[in-house]
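Numbered per the working numbering, the sequence shown finishes at 160, counting up by one with no gaps.
Calculated directly from the structure, the hints in this document are not laboratory data.
Hints may contain errors.
[Stated by the list, open to error] Cβ pair distances, simulated, as ranges:
no.: 1; residue 1: 155; residue 2: 115; range: 42 to 48 Å
no.: 2; residue 1: 140; residue 2: 74; range: 19 to 25 Å
no.: 3; residue 1: 149; residue 2: 24; range: 36 to 42 Å
no.: 4; residue 1: 7; residue 2: 137; range: 20 to 26 Å
no.: 5; residue 1: 150; residue 2: 112; range: 20 to 26 Å
no.: 6; residue 1: 7; residue 2: 69; range: 36 to 42 Å
no.: 7; residue 1: 31; residue 2: 70; range: 43 to 49 Å
Where is the CB? At the ideal position from N, CA and C, for every residue including glycine.
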Amino acid sequence: MTSDYTRGEEILRRTLLFSDLDDDEIAAVLLLGQTKTYATGATIFVEGSDADRFYIIYEGSVRISKVVEGAGEEALAILNAGDFFGEMALIEQTPRSAHAFAHTNLRLLEIPIPSMLQLLDSDKILACKFLWRFCRTLSSRLRDTSSKISSLLMISSQFR
């Protein structure tokens, strides 16, 4: 049986956000976190709540959603093992902009934002590697969002 620590190492190495980190840097990140499990349908966080941690999915999947008045829940993304979410709290400490639910039974590594910020402040090389990947990830997500918006606008123009 694989230990939680070993499993965590494997997941972080496959997670784009941490892929440039060396063994000691991976270990430093793992030591910050706590593994938690959630049953299918459980709420991880709700829109408007404090953004005090970010998450790496070890097993299972997470549904990131918005609740649209009069229409109900609208899933924005389904994330799987190796994906991460809640990372925007590292840049700005504003309330959550969406809900996160356990889409399936789930195991997460939860990393407190203050602890991660302290690590980034104390280890400049780790910070540079991490933040470079972080920026590239945000750029990629922004490009995907722009493409989706463009498609929606094209579809909506057919109904005018």
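Hints versus structure:
1. 155 with 115: 42 to 48 Å: Given a distance of about 43 Å, which is inside 42 to 48 Å, the answer is holds.
2. 140 with 74: 19 to 25 Å: For residue 74 against residue 140, whose Cβ atoms are near 22 Å apart, the range 19 to 25 Å holds.
3. 149 with 24: 36 to 42 Å: holds, 41 Å
4. 7 with 137: 20 to 26 Å: holds, 22 Å
5. 150 with 112: 20 to 26 Å: Given range 20 to 26 Å: violated, Cβ gap about 37 Å.
6. 7 with 69: 36 to 42 Å: holds, 40 Å
7. 31 with 70: 43 to 49 Å: At 46 Å between Cβs, range holds.
The structure fails hint 5 only (numbered hints given earlier).
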